[in-house]
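Enquirer: Sequence:
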Amino acid sequence: MNITHISKMPFSSSVAWKELKELARVDGQIARLFLLLVAPLSLLPPAMIHLAGSHYGDAFIEGISGRPWGKISAAFFIGELVSVALMGWLIKQAASHWHGNISTRGAYLLAAIAPIPLWFSSLGLLVPSLALNAVLSFVALLLSCGLIYQGVRSLCGITEDIEAAAVTQVVFGSGLIVWGLLLSLALFS
1 MNITHISKMP FSSSVAWKEL KELARVDGQI ARLFLLLVAP LSLLPPAMIH
51 LAGSHYGDAF IEGISGRPWG KISAAFFIGE LVSVALMGWL IKQAASHWHG
101 NISTRGAYLL AAIAPIPLWF SSLGLLVPSL ALNAVLSFVA LLLSCGLIYQ
151 GVRSLCGITE DIEAAAVTQV VFGSGLIVWG LLLSLALFS
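The numbers in my numbering rise by one with no breaks, and the one at position 2 of the sequence shown is 2.
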């Protein structure tokens, strides 16, 4: 799998997804994926939130620089890990409801891949601009939605667009609620 294939994943259910489907069949690969991908990338948003909140939080919202950003970041990190685990379970349940055939490993693989754009969008917090970060977050949400949709089509074997869209809507909608709760934790705690 190369970077060109990875960049096409939100837009195609064939590019790179076949390799990932094979990865989901190998024992132990999902635990390794969580250890080598999910855990390190889940550290990125809390680190960026801590940095931005501690150093120039008032550039985003007046009066938030003095908050306990270490505790907030730790809670955010735990929330991310829990949400990835819950998303894997939800993908499996929603796909089963819509007659999709996805293994538990495949569901957790998709749950591990889907938030990658959101994790990388947190790098925008290096720039103290609310507008820039809002745009980056919006684009990251669109890419995550595309990854879920294409992943559902490929990993679940759902060929009907409406069924894939229904599973995506359930999973993405739930993920959006959790993402909003995590952001509100960071901003309003």
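Don't read these hints as lab results, they were simulated from the structure. Predicted, not measured: the structure shown is a model, and the values here were computed from it. Just so it is clear, CB atoms sit at the ideal spot from N, CA and C, and this is done for glycine as well. Keep in mind that a hint or two might mislead.
[Unchecked claim] What follows is a list of derived Cβ distance ranges for each label pair: (1) G63 <-> V127: 13 to 23 Å; (2) E22 <-> S129: 19 to 29 Å; (3) G66 <-> L43: 16 to 26 Å; (4) L187 <-> L86: 20 to 30 Å.
Enquirer: Determine for every hint whether it applies to the structure shown.
Expert: Against the structure, the hints come out as follows:
Take G63 and V127: their Cβ atoms lie about 20 Å apart, and the range 13 to 23 Å holds. Between E22 and S129 the Cβ separation comes to about 41 Å, which falls outside the hinted range of 19 to 29 Å. Separation of G66 from L43 is about 23 Å and conforms to the stated range, judged on CB atoms against 16 to 26 Å. The hinted range of 20 to 30 Å is satisfied by L187 and L86, whose Cβ atoms lie roughly 22 Å apart.
When each numbered hint is compared with the structure, a violation occurs for hint 2 only.
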